[in-house]
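J.: First to last, the protein sequences are chains A and B.
Per the working numbering, the first sequence runs over residues 1 to 229.
Per the working numbering, the second sequence runs over residues 1 to 784.
It is worth saying that the hints were derived from the structure and are not from the lab.
Note that the structure is predicted; figures quoted are calculated from it, not measured.
Please note that the accuracy of each hint is not assured.
Partial selection, computed: residues in chain A whose CB lies under 8 Å from chain B [to be verified]:
#1 F68
#2 G83
#3 N110
#4 G114
#5 I120
Beta carbons: idealized from backbone N, C-alpha and C, even for Gly.
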Amino acid sequence: MDLTGEYRIAASRERVWEALNDPEVLKASIPGCTELNAVGEDSFTASVTAKVGPVKAKFQGQVTLSDFDPPNGYTIQGEGKGGPAGFAKGGAKVTLIEDGDGTLLQYEVNANVGGKLAQIGSRLIDGTAKKLAGEFFTTFAEIAAASGAKDAPSPSPPLTPAVEAAVASGEAAPEIPRVDADEAAAQPTAQQVDAVAGEDATGEGLPRWVWLTGLILVLIGIIAVLGGD
Amino acid sequence: MVENGIGASLKRKEDNRFLTGKGNYTDDINRRGQTHVYIVRSPHAHATINSVNTAAAAAAPGVVAVYGGQDLIDDAVGGLVCGASVTGKGGEVNKAPPRNVLTIDKARFVGDPIIAVIAETLAQAKDAAELVEIDYTELPSTVSTANSDADGAPQLHEECPNNVALDWELGDKAAVDAAFAAAHKTAKVELINNRMVTNAMEPRAAVGEYNSGTGDLTLYVTSQNPHVHRLVMSAFMNIMPEHKFRVVAPDVGGGFGSKIFTYNEEAICAWAAKKLDRPVKWTSDRSEGFMSDAHGRDHVSTAEMAMDADGKFLGMRVDSKSNMGAYLQLFSVSIPTLFHGFLLAGQYTTPAIYLEMRCVMTNTAPVDAARGAGRPEATYLLERLVDVSAREMGLDPAEIRRRNFIKADQMPYQTPVVQCYDSGDYDASLDKALGMADYDGFSARQAEAKGRGKLRGIGLSSYIEACGVAPSAAVGSLGVGVGLWESAQVRFNPTGGVTVFTGTHSHGQGHETAFAQLVTERLGVPVENVEVVHGDTDKGQFGMGTYGSRSLPVGGVAIANACDKIIAKGKKIAAHTLEASEDDIEFGDGNFTVAGTDKVMNIAEVAFTAYVPHNYPEGVEPGLDEIAFFDPLNFSFPAGAHVCEVEIDPDTGTLEIVNYTAIDDFGVLVNPMIVEGQVHGGLAHGIGQALLEGCVYDEDSGQLISGSFMDYCMPRADNLPSFNVDYSPTIPLHNPLGVKGCGEAGAIAAPPAVINAIVNALDIKHLDMPATPEKLWRAAQAAG
Numbered sequence: 001m002d003l004t005g006e007y008r009i010a011a012s013r014e015r016v017w018e019a020l021n022d023p024e025v026l027k028a029s030i031p032g033c034t035e036l037n038a039v040g041e042d043s044f045t046a047s048v049t050a051k052v053g054p055v056k057a058k059f060q061g062q063v064t065l066s067d068f069d070p071p072n073g074y075t076i077q078g079e080g081k082g083g084p085a086g087f088a089k090g091g092a093k094v095t096l097i098e099d100g101d102g103t104l105l106q107y108e109v110n111a112n113v114g115g116k117l118a119q120i121g122s123r124l125i126d127g128t129a130k131k132l133a134g135e136f137f138t139t140f141a142e143i144a145a146a147s148g149a150k151d152a153p154s155p156s157p158p159l160t161p162a163v164e165a166a167v168a169s170g171e172a173a174p175e176i177p178r179v180d181a182d183e184a185a186a187q188p189t190a191q192q193v194d195a196v197a198g199e200d201a202t203g204e205g206l207p208r209w210v211w212l213t214g215l216i217l218v219l220i221g222i223i224a225v226l227g228g229d
Numbered sequence: 001m002v003e004n005g006i007g008a009s010l011k012r013k014e015d016n017r018f019l020t021g022k023g024n025y026t027d028d029i030n031r032r033g034q035t036h037v038y039i040v041r042s043p044h045a046h047a048t049i050n051s052v053n054t055a056a057a058a059a060a061p062g063v064v065a066v067y068g069g070q071d072l073i074d075d076a077v078g079g080l081v082c083g084a085s086v087t088g089k090g091g092e093v094n095k096a097p098p099r100n101v102l103t104i105d106k107a108r109f110v111g112d113p114i115i116a117v118i119a120e121t122l123a124q125a126k127d128a129a130e131l132v133e134i135d136y137t138e139l140p141s142t143v144s145t146a147n148s149d150a151d152g153a154p155q156l157h158e159e160c161p162n163n164v165a166l167d168w169e170l171g172d173k174a175a176v177d178a179a180f181a182a183a184h185k186t187a188k189v190e191l192i193n194n195r196m197v198t199n200a201m202e203p204r205a206a207v208g209e210y211n212s213g214t215g216d217l218t219l220y221v222t223s224q225n226p227h228v229h230r231l232v233m234s235a236f237m238n239i240m241p242e243h244k245f246r247v248v249a250p251d252v253g254g255g256f257g258s259k260i261f262t263y264n265e266e267a268i269c270a271w272a273a274k275k276l277d278r279p280v281k282w283t284s285d286r287s288e289g290f291m292s293d294a295h296g297r298d299h300v301s302t303a304e305m306a307m308d309a310d311g312k313f314l315g316m317r318v319d320s321k322s323n324m325g326a327y328l329q330l331f332s333v334s335i336p337t338l339f340h341g342f343l344l345a346g347q348y349t350t351p352a353i354y355l356e357m358r359c360v361m362t363n364t365a366p367v368d369a370a371r372g373a374g375r376p377e378a379t380y381l382l383e384r385l386v387d388v389s390a391r392e393m394g395l396d397p398a399e400i401r402r403r404n405f406i407k408a409d410q411m412p413y414q415t416p417v418v419q420c421y422d423s424g425d426y427d428a429s430l431d432k433a434l435g436m437a438d439y440d441g442f443s444a445r446q447a448e449a450k451g452r453g454k455l456r457g458i459g460l461s462s463y464i465e466a467c468g469v470a471p472s473a474a475v476g477s478l479g480v481g482v483g484l485w486e487s488a489q490v491r492f493n494p495t496g497g498v499t500v501f502t503g504t505h506s507h508g509q510g511h512e513t514a515f516a517q518l519v520t521e522r523l524g525v526p527v528e529n530v531e532v533v534h535g536d537t538d539k540g541q542f543g544m545g546t547y548g549s550r551s552l553p554v555g556g557v558a559i560a561n562a563c564d565k566i567i568a569k570g571k572k573i574a575a576h577t578l579e580a581s582e583d584d585i586e587f588g589d590g591n592f593t594v595a596g597t598d599k600v601m602n603i604a605e606v607a608f609t610a611y612v613p614h615n616y617p618e619g620v621e622p623g624l625d626e627i628a629f630f631d632p633l634n635f636s637f638p639a640g641a642h643v644c645e646v647e648i649d650p651d652t653g654t655l656e657i658v659n660y661t662a663i664d665d666f667g668v669l670v671n672p673m674i675v676e677g678q679v680h681g682g683l684a685h686g687i688g689q690a691l692l693e694g695c696v697y698d699e700d701s702g703q704l705i706s707g708s709f710m711d712y713c714m715p716r717a718d719n720l721p722s723f724n725v726d727y728s729p730t731i732p733l734h735n736p737l738g739v740k741g742c743g744e745a746g747a748i749a750a751p752p753a754v755i756n757a758i759v760n761a762l763d764i765k766h767l768d769m770p771a772t773p774e775k776l777w778r779a780a781q782a783a784g
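Work out the full structure: start from the sequences and follow the hints.
T.: This is the structure:
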């Protein structure tokens, strides 16, 4: 399966990078993600469980980074094992491009699925992957905003004018092309964006924003399984 | 004429229970203390298994046991076997790479069973299965029928260099080369016989149960041949001696070949039931069935015909490869060779035929017999080649067939490829089919369709099959490891009812009705007083089961012969009672009569006398219960002519079969209604292959990507026309009942009839199956 896409996020490239830099936010953003642990400077493991209808699958994911070129892009290799459900594995090239006052996140995924995933899900994968990617961004924005509204865990750095401008113009929500996720739910307030920025600053500075792409691979697999049986 | 005997379209006895939900299938069987097994399968097409950790699974709630392949080996359980040894080029017998019940070292296809998790409930077994950790090193895989024997292809088995299980040839190469050298014209077609998943409505299932008090093991299993299951599991797998082992195949919801074979999961249920002294149950879900049932067909071939100036066939040359999958099954190598090569003469007098067949191992599920088994592949190849030949010669497809038919007065006819046909009138079948299909009126219909923007085409298929499998000595000399006779027991009860035990198995064929009619015809007993029992090794004496359209031509004759023994004994009893000479006793319509008198004794009275022998002939045993075994002298050769007419919408690629005429020669019909049902089912199967079905593995990853009904399209009622079915019988020399078998004919005849109609509509040389709307649309666009 080959999947390419891009999202425009109304924040500077540095901000996007940092906003995607907190494992806790990522973990909370991914449906069914119970564990997300760094196992080295350039790899991590994740556990994702999902259950819909009669099928339950727990994926053990492993993602490794390479060709690390901050803040321009990465290549990542990921693999998620779902036991009897099969596996999803693949690579993604991720590029961040400045786009006016926002950032374009582009990805090219080449993924393979195996076992039951391929057997019953291969026809669904392209469509569900796009839908899934959209849902991830939507949820990510919601969770980040909510946690910031209650008790941001650490002091927030000042917002850059660019982000403030984006928020003021109502464009801070991630733009999700070609998906039918409920974008309205993802409209963050200035406060929410502030919280995202705050999470960025408290991150450990590792370029883990790329994890999301790897996790998307895993999620593609899960959705394929769930959608197919 | 006996009421409800041979020739009566009696409604099926078995349908009462099937239509009212009273059928008893393997999954309906639940035993006290039953456990459930779930199989952990490889998600990889080809991978080394580095390590397996089952500790967490074994400790999971409800888990009773977790077994790997070594556990069975430690218990001296043997692997799965191939029952055929076919001798190839240079006198070399096919390779038979070993197969453990659960693979240990390597996974060789997606779905290869590795670990069996047994738990109190199926849910617990599935949950625990998720905890099994298997560390794989993925290996490059090969799934291609055409390329898996190429240099550098990933290797599956050490025992099979270049993945070649068998390199086989048949026929006189020099004679064929000479025919081509002398040919006026030649024709050539390259074609693929698409891989099929049989998809019986009932998935495979098994329940093993052990009685530690008696030491008896029972296996309930979805089998077409319970005695063969028992034989294989006893003789080759060492699971249990035959006399302590009962195999029951209760109601079975369709087999189509896929339930002939002994499978891994069934062996696990049998073995583990004894090991644990608890019943063990397994039921395949549809996804497992797609990846683990034996698949069918999957040939790639190049076929050539040499012709003289009149379009007479001088010689035929076929270069073919067949996909065996990752392991050999019970028949595997015999299907593309003995059941394929021997049918390549078809209905024609082609004097020289040469076939090269390479059986290759690939990282796919095993491939074995599926409805027709080799004969559909032969018929498709030949009938496509005949149409291409007609195109080359500028002859009408019907005309080139007539010019080359074996004539009725040439029977029996020895073909150059082993088989000797014993009956058939191919001109008669074709004439009848063309008449019913209004072949002469086709061009007018085609022109009318063109006016509506539709492309209309007509196609023929003159097929022959070898059924009534099979003469034991003949198949034995060819390397089949068993005899293929059949047995029957006909038992009168003291009150006059008859219980018939057959070694064949009915899984949709209507044996309970048709075999009862046979007994009614023979013995004059009312059909409702005849009960047919099958599918239980503790009831029937022995049997080879049901496949190769053998049940009536072989099993039916055994029943008839047992009836004749009943009559012979009954004559002695009647003669004694009626105080006449045995030689003067005549039997008919259920009555023993003293010739030329009105002294008569009904067979029910004779049966009662046999069990209450107060006044009884000296030296005659009490009882009326006879066993007969029948070994056929030859195959039977059902044949016929089918005509398919299609309309294609060039704008959408959609196709409608607007007329389908099937004229078949099955010899004598015992129950014409059941026969017509078998024809309909076979046609649906064949049309499904031609238009819709195709099992696909991804060339790069080796993944099965047509593994659900979403991606594997089965034929449905709205894909099929109302069939025009009729018969053109001839009587076989070798079959005492005059029957030939009918269960596979439609699946054999239909694919070339449909494709010949399509290429006729599109005016192209060839189109590979399945002819999906996309393919048809592209072809229509290309043809302009």
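J.: Determine for every hint whether it applies to the structure shown.
T.: Do the hints match the structure? See the list:
The interface hint given for A/F68 is violated, since its Cβ lies 26 Å from the closest Cβ of chain B, which is over the 8 Å cut-off. Interface restraint check for A/G83: the shortest CB-CB distance to chain B comes to about 4 Å, inside 8 Å, so the restraint holds. Contact between A/N110 and chain B, as hinted, is not supported at the beta carbon level, the nearest pair being about 11 Å apart and thus beyond 8 Å. This hint holds: A/G114 has a C-beta 4 Å from the nearest C-beta of chain B, less than the 8 Å allowed.
Restraint check, A/I120 versus chain B: the minimum CB separation of about 4 Å is within 8 Å; hint holds.
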